[in-house]
Amino acid sequence: MLSGPTADGCFDMMHYGHANALRQAKAFGDYLVVGVHSDAEIEKHKGPTVMKEEERYAAVAACKWVDEVVKDAPYFTSLELMDQYQCDFCVHGDDITTLSDGTDCYQAVKDAGRYKECKRTQGVSTTELVGRMLLMSAEHLRRKPSFSQKDDKDTLDNFSTGAASQPRTTVSHFLPTSKRIVQFSEGREPKSTDKIVYVDGGFDLFHLGHIEFLKKAKAMGDYLLVGVHDDQAVHVVKGRNYPIMNLHERVLSVLSCRYVDEVIIGAPYSVTKDVLEKVYKVHTVVHGSTDIDRDVGGSDPYKLPKELGIFVQIESPNADLTTDAIVQRIIEHRKVYEERNRRKAEKAALEAALEEAEKNRKASNV
1 MLSGPTADGC FDMMHYGHAN ALRQAKAFGD YLVVGVHSDA EIEKHKGPTV MKEEERYAAV
61 AACKWVDEVV KDAPYFTSLE LMDQYQCDFC VHGDDITTLS DGTDCYQAVK DAGRYKECKR
121 TQGVSTTELV GRMLLMSAEH LRRKPSFSQK DDKDTLDNFS TGAASQPRTT VSHFLPTSKR
181 IVQFSEGREP KSTDKIVYVD GGFDLFHLGH IEFLKKAKAM GDYLLVGVHD DQAVHVVKGR
241 NYPIMNLHER VLSVLSCRYV DEVIIGAPYS VTKDVLEKVY KVHTVVHGST DIDRDVGGSD
301 PYKLPKELGI FVQIESPNAD LTTDAIVQRI IEHRKVYEER NRRKAEKAAL EAALEEAEKN
361 RKASNV
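In the working numbering, the protein residues as written are 1 to 366.
By construction, these hints were calculated from the structure, which means they are not laboratory data.
Where hints are given, some of them may not hold.
As a list, the in silico BS3-like pairs of lysine-lysine whose alpha-carbon atoms are at most 25 Å apart [unchecked claim]:
#1 Lys64 x Lys116
#2 Lys110 x Lys52
#3 Lys215 x Lys306
Bear in mind the structure is a predicted one, so any value in this text is a computation, not a measurement.
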């Protein structure tokens, strides 16, 4: 007996746009099965991935709206695979995705009347994120900004608001709304007996390293509260071209993770008494085994929880997978990813034409 929806895709650099599609897909039923394509399938039809397939499988599995992941799912969605996993229908965004030969990946599903659409999230895509990183260089990874320079401050303001930027700066075109935050929020309050764990960070390019750390931190208590630092804090501590994703993009990515219960938006870089007491009574503050970057003036951001005896440092799983490491993958293979984005742009133009033709067909049948 068929029982629920399925969705499939590459889910490269799993971002809040992917998560929003899965949230909408889950709303169509009770049990969501998600197919994730292999590196080889994506290379054939789209171009090289940034994240390796095992990283992508794990990132999708950590999304709180996903019930089951099908690894190495075919790029062309088949009715046979849907039946195998007892899925009534397939859900995809309101754009057309094609194989390398221009065939609609979902044509068989559409012809069978087992296709449903959800709204695509505007302002973000893997291609767009890769584009932001292609504006960087190895030198950008080494620089630390000086906020005494007015152009750096203007650069950050432009980035955070999605305004026009200088060539060296990555730009977000995402427009945050309160509705989207609510859609991603769990809304669960901790019980009086819950042990509340607090972690904080930038969580830029939210990835498997972050996910595994959050999973480990959650296991130390009952309720995980995550502080996400604002753009200025990340910019000062991490360097001139960070963050790559702005505060609200990073917040949505963190909220989509199944291990997270609540988020402090724009949490202070140093853990304060207000953080420990005014949202919820925090029992434990956790940090990974990575180096602790000092706050402005050289102060220890975890000075207070250390003094209170509630600070715990744990071994970071996947310690080699960091935001810097992902950016380095792009920089080291710049030509490959520039070609990938060029091919993707050509493919997108073809898909847009097919999409327009399909809309016209639907309109003529009304």
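Okay, the hints, checked on the actual structure:
no.	hint	verdict
1	Lys64 x Lys116	21 Å, holds
2	Lys110 x Lys52	30 Å, violated
3	Lys215 x Lys306	22 Å, holds
Checked against the numbered hints above, the structure breaks only hint 2 and satisfies the rest.
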